[in-house]
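Chains as they are written, first to last, in my numbering: chain A, 2 to 112; chain B, 543 to 637; chain C, 5 to 317; chain D, 2 to 98.
Mixed in with the good hints, there may be bad ones.
[Unchecked claim] Below 16 Å or equal to it, Euclidean Cα-Cα: the simulated EDC-like pairs (lysine to aspartate or glutamate) are:
no., chain 1, residue 1, chain 2, residue 2
1, A, Lys32, C, Glu31
2, D, Lys68, B, Glu598
3, C, Lys285, C, Glu217
Just so you know, these hints were derived from the structure itself, not from any lab. Treat the numbers as computed from the prediction; the structure is a model and nothing was measured.
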Amino acid sequence: MNAATLFGLCGAALAGLGLYGLVTNPEPLRKILAFNLLGSGVFLVFGVVARRAAASGLGGDPVPQAMVITAIVVAFAATAMAIALLLRLLQETGRPTLDADNPAGTDRGNS
Amino acid sequence: MTSFLFGAAGFVLTTVALGLVAVLRRPAEVDHMMAAQLLGTGGVAILVLLAAATDESPLVDVALLLALFAAFAAVAFVRSASGQESEVSRTTSGG
Amino acid sequence: MIISSFFDIVLVVLILGIGASTIAAREAFAAIICFVVYGLLLAIAWVRLSAADVALTEAAIGGGMTGMLMLGAVARLRSAEGNDIRTSLPTRLAAGAMCALISAGLATAILVPPEVIPTLAPMVMENLAQSGLGNPVAGVLFVYRALDTLLEKVVLILALLGVWSLAPDGAWGGIPGLRVYTQPSRTLTFLAQLLPPVGIVVAVYMCWVGANEPGGAFQGGTILAAMWLLVMIAGLKRVPAIGQPWLRLLLVVGPVIFLAIGLAGMVLAGAFLAYPSGYAKPLIVTVEFALTLSIGVALGLLAAGPPEQAQRQ
Amino acid sequence: MNLAFDILTVSAVSAGALFFLAGTVGLLRFPDPLTRLHALTKVDNLGVGLVVLGLLPRANGLSGALKLVSIWLLVQLSGAIVTQLIAGAVRQRGPHG
Chain A
2 MNAATLFGLC GAALAGLGLY GLVTNPEPLR KILAFNLLGS GVFLVFGVVA
52 RRAAASGLGG DPVPQAMVIT AIVVAFAATA MAIALLLRLL QETGRPTLDA
102 DNPAGTDRGN S
Chain B
543 MTSFLFGAAG FVLTTVALGL VAVLRRPAEV DHMMAAQLLG TGGVAILVLL
593 AAATDESPLV DVALLLALFA AFAAVAFVRS ASGQESEVSR TTSGG
Chain C
5 MIISSFFDIV LVVLILGIGA STIAAREAFA AIICFVVYGL LLAIAWVRLS
55 AADVALTEAA IGGGMTGMLM LGAVARLRSA EGNDIRTSLP TRLAAGAMCA
105 LISAGLATAI LVPPEVIPTL APMVMENLAQ SGLGNPVAGV LFVYRALDTL
155 LEKVVLILAL LGVWSLAPDG AWGGIPGLRV YTQPSRTLTF LAQLLPPVGI
205 VVAVYMCWVG ANEPGGAFQG GTILAAMWLL VMIAGLKRVP AIGQPWLRLL
255 LVVGPVIFLA IGLAGMVLAG AFLAYPSGYA KPLIVTVEFA LTLSIGVALG
305 LLAAGPPEQA QRQ
Chain D
2 MNLAFDILTV SAVSAGALFF LAGTVGLLRF PDPLTRLHAL TKVDNLGVGL
52 VVLGLLPRAN GLSGALKLVS IWLLVQLSGA IVTQLIAGAV RQRGPHG
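In isolation and in its complexed conformation, chain A is listed as follows (with noise of 0.2 Å):
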């Protein structure tokens, strides 16, 4: 097993692994955060898609690696994003969470 096979491996269990943190995590940072853990999984799959692609002298193909830069850099915005919902929603409601049917959740107090 070569390196590039070892560390496709790995991003393929980060994967799974964000995956089951989004899912199963209730509090919205968190699920965030496994969502981050996933997508740095994929893209290590993708990187080592290029690492296998190496030709030309080139320690990989230069295209993958490319769009995993601008991946970064696109899910750093998400990432902002997401978290700027979370803070309004946490304004508004005073409750970090999606909870519909949770008791305490009714009260608007705060906005």
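For this one, chain A is given, so just place chains B, C and D on it according to the hints.
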């Protein structure tokens, strides 16, 4: 020489890994804050060793960035952990 | 070779361990620290995949900026009581099984590579000489997929508009609610005076070498954003109101110059975002410098969050 | 000449790696956060410093060597200040905060 440098990088990575486990397992948040600093210095050493081992000088730039952002992250930790107020509450309460 | 695979195995185990503790950590603060450490480790993994450009981006954004953003949020969420509802055990088991299945699927895709591995590297290298650039990744970003890069800048600005539009009505155009130190701390002030000059030099360097070696507008812009945030957090500079014209000008200068050169390409070179032959490199370097500024401002404002306070008259 | 440089590289890098080990042992064994911080700063100064010293003969010309030294200076300066900040947080919140 290449394998010596790789070996040294692996050794440093192992010690950093053990240090991270030690730091993150403790309950106190001040201990957690040391993690970024530990990885900042360890990561710099690992990257300059890898740069020398693989003869890829751009890796030294990665080391430079790692050092810069590890310090930045540590500042963010300390800011978040110390109960400072935000810009808004400062101006509404103090002036 | 055996020694380098020892290194890789330790790195992978460490990444997986830190990744798992990001998910499993009880406190949100500990989880975010794990995530920052994870981002810095991932930068080393990208180095091992011969992708120094990606390693630079990951160290800057995954390690520094995302952590900064999340830590700003966790400090506010801490005051609100969290809910103790845990997902029930059967649900977690089912989710774990499904996620393991997905991981296994991805792993199979990696372990069974295609007969002929598709690669665009020879095509990129063949045409790279015409553009005068030495860094193939920069070539892809600014020559072959320039439209993607341009649209990505638009996405950054759209995300920023989205963040801003979450402001309460009264605060529109006001000052972002970035958490700053209230009591001046001498140590932090010293760091905020020492690090930004170094950071700005590194950012210019990144941007400058980006044409020939790993680096470029993204990395340089992220460093600028981080240094700007550091100065604001330390209280050396006030957080500017988002209504300021100079701020908005800086925000759009990069995409506008990029777009203008792209439109000029329609007249001079016969296609949108094409460069007239012989002028490709100077034009790309111009675009990169303008983009570095715009990306820096956009990322810094994204991390600063929506405005929370009306602008003082 | 080459042999002398190689000996310098091996001995300095090994010594630097030893300081990393010492720092980790300190993090594992020292009883309170302030002493653990102390262990951490030794790694910044001497660990990275010795590794950089060992790699200087293999650096990419004079500019490469200067870059390595400036990285060490950056790590040392920022490390010292960040450690001070964390120590401030320890004082504010107590060793178990």
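| said: Hint compliance check: list the failing hint numbers for this structure, sorted ascending. | reply: none
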